[in-house]
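Engineer: Sequences and hints are given; from them, build the entire structure.
So the protein lines, in turn, are chains S and A. Heads up, the first sequence is in our numbering, so the first residue is 1 and it goes up one at a time. Heads up, the second sequence is in our numbering, so the first residue is 721 and it goes up one at a time.
Please keep in mind that the hints were generated in silico from the structure rather than gathered at the bench. Since the model is a prediction, treat every value here as computed from it, not as a measurement. All C-beta atoms, glycine included, are put in the ideal place defined by N, C-alpha and C. One or more hints might be untrue.
[Unchecked claim] Computed cross-link-like contacts, BS3-like style, restricted to lysine-lysine with a CA-CA straight-line distance of at most 27 angstroms:
| # | chain 1 | residue 1 | chain 2 | residue 2 |
| --- | --- | --- | --- | --- |
| 1 | S | Lys587 | S | Lys235 |
| 2 | S | Lys444 | S | Lys702 |
| 3 | S | Lys444 | S | Lys251 |
| 4 | A | Lys724 | S | Lys195 |
| 5 | S | Lys237 | S | Lys278 |
| 6 | A | Lys724 | S | Lys217 |
| 7 | S | Lys605 | S | Lys565 |
| 8 | S | Lys300 | S | Lys477 |
| 9 | S | Lys605 | A | Lys837 |
| 10 | S | Lys251 | A | Lys837 |
| 11 | S | Lys235 | S | Lys278 |
| 12 | A | Lys724 | S | Lys248 |
[Said to hold, decoys possible] If the Cβ cut is set under 7 angstroms, some of the chain S residues that face chain A in the computed set are:
| # | residue |
| --- | --- |
| 13 | Lys199 |
| 14 | Val203 |
| 15 | Lys205 |
| 16 | Thr206 |
| 17 | Arg231 |
| 18 | Gly390 |
| 19 | Arg426 |
| 20 | Gly630 |
| 21 | Asp647 |
| 22 | Gly649 |
| 23 | Asn655 |
| 24 | Arg663 |
| 25 | Ile664 |
| 26 | Asn665 |
| 27 | Tyr673 |
| 28 | Val675 |
[To be verified] Covered, in the sense of this in silico footprint (three residues per stretch, anywhere, with C-beta under 8 angstroms from a C-beta of chain A), are these stretches of chain S:
| # | stretch |
| --- | --- |
| 29 | 335 to 344 |
| 30 | 365 to 379 |
| 31 | 512 to 520 |
If you want the building blocks of each chain, they are given just below.
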Amino acid sequence: MTIAFAPSRRAFVQASGATALVLGVHIPLGNRGKAVAAEAAFTPNAFVQIGADNTITVVCKHIEFGQGPYTGVATILADELDADWNQIRVVSAPADVEKYANSAFGVQGTGGSTAMANSWDQLRTAGAEARARLIAAAAAAWNVGAGEITIDNGVLKHSDGKSGTFGEFVDGATRVTLTAPATPKTKDAYRYIGKHVPKVDTVSKTNGTAQYTIDVKLPDMLTCVIARPPRFAGKAKSFDASGALTIKGVKEVFTVPQGVAVLATGYWPARKGMEALKVEWDESGTEGRGTEGLMQEFKKLADDKGVVARNDGDIDGALSGAATIIEATYTFPYLAHAPMEPNDCVIRRTADGGVEMLFGSQMPTVDQASAAKVLGLDPKKVSITTLLAGGSFGRRATPSGDMAIEAADVLKAAKHQGPIKVIWTREDDIKGGRYRPVFVHKLKGGVDKDGKIVAWQQVIVGQSFMKGSPFESAMLKDGVDVTMVEGAATLPYQIPNLEVSAHIVEVGVPTLWWRSVGSTHTAYSTETFLDELAALSGTDPLEIRRQLLAKHPRHLGVLNLAAEKAGWGSSLPDGKARGIAVHESFKSFVAQVVEVSLGEDGLPKVERVVCAVDCGIAINPEIIKAQMEGGIGYGLSGSLYGAVDLDNGVVRQSNFHDYRVLRINEMPTVEVYIVPSEEKPTGVGEPGVPPIAPAVANAWAKLTGQRIHDLPFSRFVPNA
Amino acid sequence: MTVKITVNGRAEAVEAELDTPLLWVIRDELGLTGTKFGCGVAQCGACTVFVNGQPRRSCVTPIGTIPDADITTIEGVSDKVAKAVQAAWTEIDVPQCGYCQSGQIMSAIALLSEIDKPSDRDIDLAMNGNVCRCCTYHRIRAAIHDASKRMEG
Ligand code: FES
Ligand code: FES
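Structural biologist: Listed below in structure tokens is the structure:
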């Protein structure tokens, strides 16, 4: 099976109904020959096309940047069709909100770990329809009843021995009318769902042929690198390009709203040109505070109740009546996503007066509209070809379409009329904002004389990236940004008096969702504070969770499975301790048990992680496991080392040497267990992240007695 | 300036300023895009290629410092070790976003060419210069051990 980035123009147009420009067929492709679909084709709906050459092309409306949706959609459709796995190829959907909206947000986009949840019913129905029509066509051709025909590994068969391929019936299938709606298979008939299938994109990602935005080559294309202001939202007042223009390969230099753009024949001259610029910045109105000051301001706010997001029982009464009260203040830094491929976008003019953008567009509807606005075009004149992206973790889904706007601004201002590839440097990426916001949490908890938890009060302070975004009306409820409090306001523990409130603070630092969003901080504060409260009565961390989750069977399911597989309660060698955490995010449930020792550098060394996940029906168990492994590593990276700090509004870090990320020697062994489930599939891209940091902190507290309230962990080890 | 190098067995005469990193010669001049840019400062390993048989970070290797060098990129690896590594990577489905994987595979080939049965510690030492933000490290380790077994056959 292959991923076809560029099927024949005709095939794609049929499959998508989009304009012919969508196709980026000029991208050099290793497997292009194979990707060309046959002339005749059966296109029952917007998601599947079967060619006379027997290829099945699946149109994926979710971007592939490692979480596996290409393989996921292929699995669902191949299963419904009983296809041969080798018949299937996957193409990315063009920007077309009518056909390819994500039902979770109404726009076309990938996020919130929704890809499989959103495709499950849609693609099973699409596959069932295609299957029924192929069978009806074969039945008509063979003059037999449809009920007598079966499909096995891509071959239609009749009991009297007749057989045929899908390709033979594409014509007939196009013409037949179905008398009844097609119903998807029942699970006893699954062929690929729940089994291990090879990922469709693996081979191209092991031989260097996978094509990312940075790899796009077009005739007459120039590369753009931008000199950016030291403080967010600064503007170039004036610049001196005399040095830059002497560099061989530099073609033009001009201002754009983002800074000063240098166009050159390749990245190296563009970057050198950028470094040779002398720019005077207008910094009026930019953010001048530093992170330390911000934390102090946030902490002061956290002393007072914010806008209430949840209020059960009588928190004030419960706190005043409690036998023991403890308090903790937590701080969480700005975090860069730092995907391996920095932001980039290729843009070019098209023959019809529009533009085409080729890039890892995570929200095509938004990107299309944003670029169209800059260029004064009808959005229909902006086509988007979504390419593989080298990671995102939230970074490529900007509600304001930043990257598309930037590329459009460059195109608009350039004298050069050919294609332009805008590339961010790693320094741009680390310094460029759109961070997980800084948060301060203040928790106060009370237990009665028997040690029972009777009061839980949590105040959360931070920036809202929903405010002012197109998602504001959906995500800001009664003055509370639900993404700031998710995981806290939804605390599942049975505590009679519980209050969660939040303060939204305005800071001139652009922020964004970061893999698992609110749960990046709420899982940490709630799951470690629960351990602190349990410790007051000497209750075992697993036991307290079991007691307080009696009404939450799916939480309990993962908790018990992880505990059992990890051997919770069994003895460990000296110098090692276990910690546990459980958290629901994006409708999936994950529990992790970790084993931690003291590392040579003074930081926790995470040796083993046992992870249990309940994400409904497991479509691709291997991908689920890989996402848990990756989520654990990503969460560990952020909590051990991750921090972007500002001094007077200027970002201190710049690249991987000072924005430290997890490396192979720091990766624990990970065991993943999947809870069998009949529930509809839910996401796995994010839910592996939240439990890891609190589980490590809980183990660390057991090992050393030290409770970590300020992330990252490296803050308390000076030379780590 | 014209610099002569051999890339994947082909003699090339490239027109480039001498300070141009090998990475950008490979990508922008020769059009071989399997080798990736991740940091530009020898911190991530995405740009790893072989220069005269040794793994090098091409982002910090000015072309002027390696005249007449023999270079191998991900597109040019084909020996027994490379085949074992690529087969293991595929079998274990290592890549997620895939962007770091050319560099990972080049480093793994270098390791296994040197030590055919690496320990976990050998793997840590040889591979900790290669960042994977998708954190496929767990599978990279398994795939290196798997490739080592494949090389026996
Ligand atoms: S790009 Fe060369 S080490 Fe990162
Ligand atoms: S697979 Fe994505 S960075 Fe390694």
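Engineer: Any hints from earlier that this structure breaks? Give me their numbers in increasing order, please.
Structural biologist: 1, 3, 4, 10, 17, 21, 22, 27, 28, 30 and 31
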